[in-house]
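Fit chains B, C and D to the given chain A structure using the hints.
4 protein chains.
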Amino acid sequence: MALEELQREVDKWTAQFTPQYWQAHEILARLMEETGELAREVNHLYGPKKKKDSEDKRDLGDEMADVIFTLMCLANSKNINLDDAWKKMMEKCCKRDSERYKKREDLV
Amino acid sequence: MALEELQREVDKWTAQFTPQYWQAHEILARLMEETGELAREVNHLYGPKKKKDSEDKRDLGDEMADVIFTLMCLANSKNINLDDAWKKMMEKCCKRDSERYKKREDLV
Amino acid sequence: MALEELQREVDKWTAQFTPQYWQAHEILARLMEETGELAREVNHLYGPKKKKDSEDKRDLGDEMADVIFTLMCLANSKNINLDDAWKKMMEKCCKRDSERYKKREDLV
Amino acid sequence: MALEELQREVDKWTAQFTPQYWQAHEILARLMEETGELAREVNHLYGPKKKKDSEDKRDLGDEMADVIFTLMCLANSKNINLDDAWKKMMEKCCKRDSERYKKREDLV
Chain A
1 MALEELQREV
11 DKWTAQFTPQ
21 YWQAHEILAR
31 LMEETGELAR
41 EVNHLYGPKK
51 KKDSEDKRDL
61 GDEMADVIFT
71 LMCLANSKNI
81 NLDDAWKKMM
91 EKCCKRDSER
101 YKKREDLV
Chain B
1 MALEELQREV
11 DKWTAQFTPQ
21 YWQAHEILAR
31 LMEETGELAR
41 EVNHLYGPKK
51 KKDSEDKRDL
61 GDEMADVIFT
71 LMCLANSKNI
81 NLDDAWKKMM
91 EKCCKRDSER
101 YKKREDLV
Chain C
1 MALEELQREV
11 DKWTAQFTPQ
21 YWQAHEILAR
31 LMEETGELAR
41 EVNHLYGPKK
51 KKDSEDKRDL
61 GDEMADVIFT
71 LMCLANSKNI
81 NLDDAWKKMM
91 EKCCKRDSER
101 YKKREDLV
Chain D
1 MALEELQREV
11 DKWTAQFTPQ
21 YWQAHEILAR
31 LMEETGELAR
41 EVNHLYGPKK
51 KKDSEDKRDL
61 GDEMADVIFT
71 LMCLANSKNI
81 NLDDAWKKMM
91 EKCCKRDSER
101 YKKREDLV
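Residue numbers (this note's numbering), protein chains in the order written: chain A, 1 to 108; chain B, 1 to 108; chain C, 1 to 108; chain D, 1 to 108.
Don't read these hints as lab results, they were simulated from the structure. This one's a predicted model, so the numbers in the text were calculated from it and none came from an experiment. Hints are supplied without guarantee of correctness; some may be wrong.
Note that the list lumps identical chains together, so a pair holds whenever it fits in one copy or between two copies.
[Said to hold, decoys possible] Listed next, the in silico DSSO-like pairs over lysine-lysine satisfying Cα-Cα at most 30 Å (straight line):
#1 K92 to K78
#2 K87 to K49
#3 K49 to K95
#4 K78 to K88
#5 K88 to K12
#6 K49 to K88
#7 K49 to K78
This is chain A alone, in the form it adopts within the complex (with noise of 0.2 Å):
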């Protein structure tokens, strides 16, 4: 129930408006936006801009936020549970990538 909890918690607060979602496409824009922003910042801690120590990891996190939040508001508008579809990806994921990259020779 993990993520069914902040999809509520979303819904809450997205409540107040109207309309409360914006179309599928809309979002979808919104999280063009955001994830570009996260790869600016990506490039400013990891990449060819440098930025202070200091201000790095609350940044990065911060963007990422922004991308869960809108990717709650485009699950909530259509009714998608986001627990649901996170076991059954964690299933497949796991039975996909097993043979598919390097493992730890420890494990082996």
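Below, chains B, C and D without anything else, positioned relative to chain A:
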């Protein structure tokens, strides 16, 4: 602790691989790929390329779970606590947006 | 030679910097940032956050030029001739899509 | 007139379909999809998932051409002249970045 729980789940699963996490820019490229697949799904469901209703919601959730998984990898690789980031965002969000969009008239 | 001309223009301009081009993943992160700004502009112009008509088209073009510039940097850094890629795509495109979307009735 | 030429080529090709162009948000979703495929290719070529050298450059160019095509569709659908936008950007760019990055020492 909602997101931290999932972050631990991801960390446990990825612990079998080496390297456990890719470089930040590589994870970011993967995020672009996953959000691209989500976008394709949105265009299928609500845009010019229609698909059948039966498979709709499930697929969209699948793509969203992949995006969240990728974000968790980035967060874990940089020791970011997403619950902290989430709380901080919700507090900021409450202040910033409260004056910005149209509110429901029955709440005004 | 349409795109090659612009690629040379970019190469001439960037030649004054060192390194002349960032790493591929870094340019890709910049591309995410630039497409994110384009997405924000689309949401402003045609989505839930309206702006004035007078500044619309110009701004959208600005963001698109930034995206193209970033692509040119990636192409130049990897010695890719975009005119060749363009021609190849137009030929493939002509075959693939000709059966896929609804055609104008007066052309059928 | 470099980009305008390609825009006309796209317009001629798409003129056979109805609607000739999708809605802006739909094209934007397609752009996310195409940049996502470009990102996957970059990860294949220069990231954790290696492919053979022989197919590299060709594939990257293919994905870039798809991104440019999608941009041209958006530009055409909104009557944007990309050459004008390009010129404007190059002028702005020359001023903005000239102080910002490290220059080659033999040019200083």
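Structure-based check of each hint:
1. K92 to K78: both (23 Å within a copy, 25 Å between copies)
2. K87 to K49: Between copies only: 26 Å across chains, 38 Å inside a chain, cut-off 30 Å.
3. K49 to K95: between (39 Å within a copy, 18 Å between copies)
4. K78 to K88: Answer is both: 18 Å inside a copy and 26 Å across each meet the 30 Å cutoff.
5. K88 to K12: Classified as both; 26 Å inside a copy, 17 Å across copies.
6. K49 to K88: between (38 Å within a copy, 24 Å between copies)
7. K49 to K78: between (38 Å within a copy, 18 Å between copies)
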